[in-house]
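Enquirer: Chains as they are written, first to last, in this note's numbering: chain A, 1 to 203; chain B, 204 to 426.
Honestly, the hints are just simulated from the structure, not real lab data. Hints are supplied without guarantee of correctness; some may be wrong.
Now the stretches of chain A that chain B is said to cover, found in silico as 3 or more residues with beta-carbon under 8 Å [stated by the list, open to error]: (1) 15-21; (2) 30-41; (3) 51-57; (4) 128-140; (5) 147-159.
C-beta: ideal position from N, C-alpha, C; glycine also.
Given next are the chains, with one letter for each unit.
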Amino acid sequence: MNASDADAALVEKVRLGDVKAFEMLVVKYQRRIERLIGRMVRDVDLVPDIAQETFIRAYRAIPQFRGESAFYTWLYRIAVNTAKKALMELKRDPLVAESARASSRDEDDETSRVENELSDGETPDAVLASKQIAAAVNLAIESLSEELRQAITLREIEGLSYEEIAEMMNCPIGTVRSRIFRAREAIAQRLRPLLDTRVGERW
Amino acid sequence: MSTGSGTDVRRLEQLSALADGELDDAATALSCAHWRGDARVRATWHAYHVIGDVLRSDDLATDPARDAEFLRSLRARLVAEPVVIAPQPIPWLGRQSDPSGVRATGRADGWKVPGAVAAGLVAVAGVFMLTRGVEPNAPGEVAVARADAGVTAVPMVVGTRRGEATAVVDGSASGPVPVSDRILIRDARLDAYLAAHKQFAGSSALGVPSSFLRSATVDAPRR
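Let's have the full structure, built from the sequences with the hints guiding it.
Expert: This is the structure in structure tokens:
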């Protein structure tokens, strides 16, 4: 693994047996992994299962992770291989997925049919929630001060380290750290009502 | 999560730095402990990463209920998995702790690799010099040569190479003689000392073979 891997400390904790550190990595990468798998598999119903399998495989394989690439690169490869394997199994036995879908359709009444067609991940409520979150984040970014917006943009979009951002913004690293944190908190304040009305209960 | 108290603010600021991989090992362990024990920290960790994902692409905005359900399902599967213990830590993962919890920066670490290379070169040069010995004729070196034994007060010859002038000083003069670069010193007292101890050494400090050493051959009796 290269020395600039942002996940190094958490990965090392997982390698020492800390399952909770692995959960933190799951929360961090779940959306990206699901999007990647969704582009390969198309059938959105299969995406969460393949993503789960990806993380389980990664957890089992992490003792063999030698750090020759970034953790996310390694996880990405596992996701691709897991999705390919799932596709191969579907080709071998395409009736499995179709029959499962047909049986569930037979049991459902008309009111739930739309949800089945959209899949679990694309119910109207879920689609609406996703759009609301995207809109809230973008609106919150616009309302940030210039220095906070620049700091979090350089970090999240450009992927720069604190040291690089400090050089670009001509300020100490501690200031960069503080600005990024304040930017996140300002956005999170607007996001929390959408993420969870009963803060903490979900997680 | 309310960020009113100083403790909460510090806790969340560390969480934010951990999200960026900018926290040292000790502070990382602390943040993991907070994640384990504080549901608000877990919710904040999720929120921070949702923000990052949405900044990169609106496609990554998902229903938070799905994210939570995903983790719950995975937890149930992880319970059935044996706890992984890697045989040894990855070498590059070693980090310096800092009271502020901020990971050592690349700039601070930057001198270590060239420093180690320089130290290695110095060590190699040192070993080379020791094994090769001191060359009296090498420029820029100070050499010590033997004078005739039995001479108690011979002149000490101090000279320079490359055709420079040679000076003769009284060898009986007390006190250290200042030694400049590229000077050959012949000291009668040193010669006497070396001669007296010659028999106790296999070879002298100057590499002269001891007179006690002689070659021996053994003829194995033929049967």
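Enquirer: In terms of beta carbon proximity below 8 Å, does the segment 15-21 of chain A have 3 or more residues touching chain B?
Expert: holds (count 7)
Enquirer: Verify the coverage statement for the segment 147-159 of chain A against chain B, using a C-beta to C-beta distance below 8 Å and requiring 3 or more qualifying residues.
Expert: holds (count 5)
Enquirer: Between the segment 51-57 of chain A and chain B, are there enough contacts, at least three residues with CB-CB distance under 8 Å, for the coverage claim to hold?
Expert: Since 4 is at least three, the answer is holds.
Enquirer: When I compare C-beta atoms, does the segment 30-41 of chain A have three or more residues closer than 8 Å to chain B?
Expert: Holds, because 5 residues of the segment 30-41 of chain A bring their Cβ atoms closer than 8 Å to Cβ atoms of chain B.
Enquirer: Is the coverage entry for the segment 128-140 of chain A by chain B consistent with the three-residue Cβ rule at 8 Å?
Expert: n = 7 at 8 Å, threshold three: holds.
The structure meets every hint from the earlier list without exception.
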